[in-house]
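The residues making up each chain are set out below.
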Amino acid sequence: MHTIDEVKQNVTGLVGRVVGANGRRSSVQSVTIAAPRARVEQCWRDPVRMSRVLGDLGDVRAVADRVDWTFGRGDEAVVWRTTYVTEPDGMGYRGQLAGADAELRVRFAPAPGHLGTEVTVWTRSALPGPLTGAAVYKLLYRMRALLQTGELPTLVHNPSARSGAR
Amino acid sequence: MRALCWNGVNDLSVETVDDPKLLNPHDVIVAVTLTTTCGSDLHFIDGYLPGMREGDVFGHEFTGEIVHIGPEVRQRKVGERVTVPSFIGCGTCFYCTHDMYSLCDTTNPNPELQQPLFGYPTGGIYGYTHPFGGYQGSHAQYVRVPFGDVNCFPVPEGITDEQALFCSDAVPTGLMGADFCDITPGDTVAVWGSGGVGLMAGHSARLLGAGRVIMIDRIPERLALAREHFDAETVDYTAVDSVQETLRELTGGRGPDACIDAVGMEGHGTGLQQIYDRAKQLLRLETDRATALRQAILACRKGGVVSVLGVYGLTDKFPMGAVTNKGLTIRTAQQHGQRYVPRMFDYIQQGDLDPSYLITHDLPLEQGVRGYELFKNKSQGCVRAVFRP
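Top to bottom, those sequences are chains A and B.
Residue numbering for the first sequence follows our numbering, starting at 55 and increasing by one per position.
Residue numbering for the second sequence follows our numbering, starting at 3 and increasing by one per position.
A few of these clues could be false.
[Unchecked claim] Non-contacting residues of chain B with respect to chain A, defined by C-beta distances greater than 10 angstroms in every case (computed): (1) P156; (2) F232; (3) E235; (4) G323.
[What the hints assert, rightly or not] One side only, chain B facing chain A, incomplete, derived with CB under 8 angstroms: (5) C7; (6) D20; (7) K23; (8) L25; (9) G57; (10) T94; (11) C95; (12) F96; (13) Y137.
[Unchecked claim] Listed next, the stretches of chain A that the computed footprint assigns to chain B, with coverage defined by at least 3 CB atoms under 8 angstroms from CB atoms of chain B: (14) 185 to 198; (15) 202 to 210.
Quick caveat, the hints were computed from the structure, so don't treat them as lab data.
Source: prediction; values computed, not measured.
Even for Gly, the Cβ is constructed at its ideal location relative to N, Cα and C.
Using the sequences and the accompanying hints, generate a full structural model.
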């Protein structure tokens, strides 16, 4: 496997890499988005927009009073069934993932100098990949791109001489 | 379409690949008229810069004609002749609105690959490794340009394709490097490297008011171009015992007011330090042969500016003590081309700058592999080989 694929696999790969009993991992990532808090928060609550933001990482669906996050595709897909949580300075999602409690908390704070909203995501999960640093950073980066430009940076159909990319 | 692809270290080929498509509403598709070799491509061709994938179409400096536009493109039109800076800006983020387009916060599709390296990712660039975005490059018949209104600059009448080509990268990089030097009339500016970027840096320094421009290289024909086109003084570093001592002597013991490094990680030199760097680089114990950067720091006058345009990875033996104790200012960036294009067009239209002299080999794209051989080996007097898809 190419090294770049390996790095991406670490971000998106799922099954068979669950860490041990004491291996619950936490990570924090933060970006500033040039948009008011209400707009950013609305994006986090909207499964359709979140699915668009996640892109290849997975998708999000509202099911009754739950929010189901599907990470990965096909046989490797893992579903994280969560409940929505409101917190004083933000929001979050909680649920079991890989047999252990997992959570994603989002904190919003006004950025100085009219720069918009500071968005900090704290995650805790036993499953390396979807809720760890690199994946969360990519999600935040893509959310910022979507909210600021209306577009997501993409390499879909990126011409190359690789058969898989054509 | 036909495209020049990277297949592995020192392994290039011209292949048939799919045409690019409009993917986002602000995209445009440009039919490439001219695209050029660049010294920074050699870093991944030679295997010193990781992050390419087999089959990648590379190249990042080009000019062409718009053939398709997305539905949200407002200012650009099909049929326009345009030049496109190599880094991709969105035009709306903090960095783009502060004229620092290569630091764009939204155009890198692979930001998670860069965050561990730099802390915060740069913008995307065409054809220059996946941590830098993984975009398809310009050595092809067509290229997709995101945010067409921000990144495509119509070429004014009177400016040729050969001139417009270098407004994509070599000229704005050189001009930015000279701009970083805060030149006051009469200043002395020394430039390491007389490739395309170095020559444009020296030429720009002259345009910004430098009284003396001293070019340092070992290739006679490149030093001759500097003397011919912007009246530079030249130093062949293989013909002197010490570049630092030579510059000290040429400046009455003061040192140049500003020094520009237009060499980067594959610098050449003489003496034990060069042997040491080569050995460590071959063993992958360091990525850089930072000969030019070290010399620039040591040669610069106290309180001067060192402007770094060369591309580096991990540099060994960086003389930080000299930077601090001499009170140097180091300024560096990947090029913010969108900031400089209008000024470059003015210089060209006024006859102050004609970058087309960089073209030494004008080839069809089908001869792209040969073009890179000529360019890499600096054979047949090659300064820049350009390709016509």
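Mind listing which of the numbered hints don't hold for this structure, in increasing order? none
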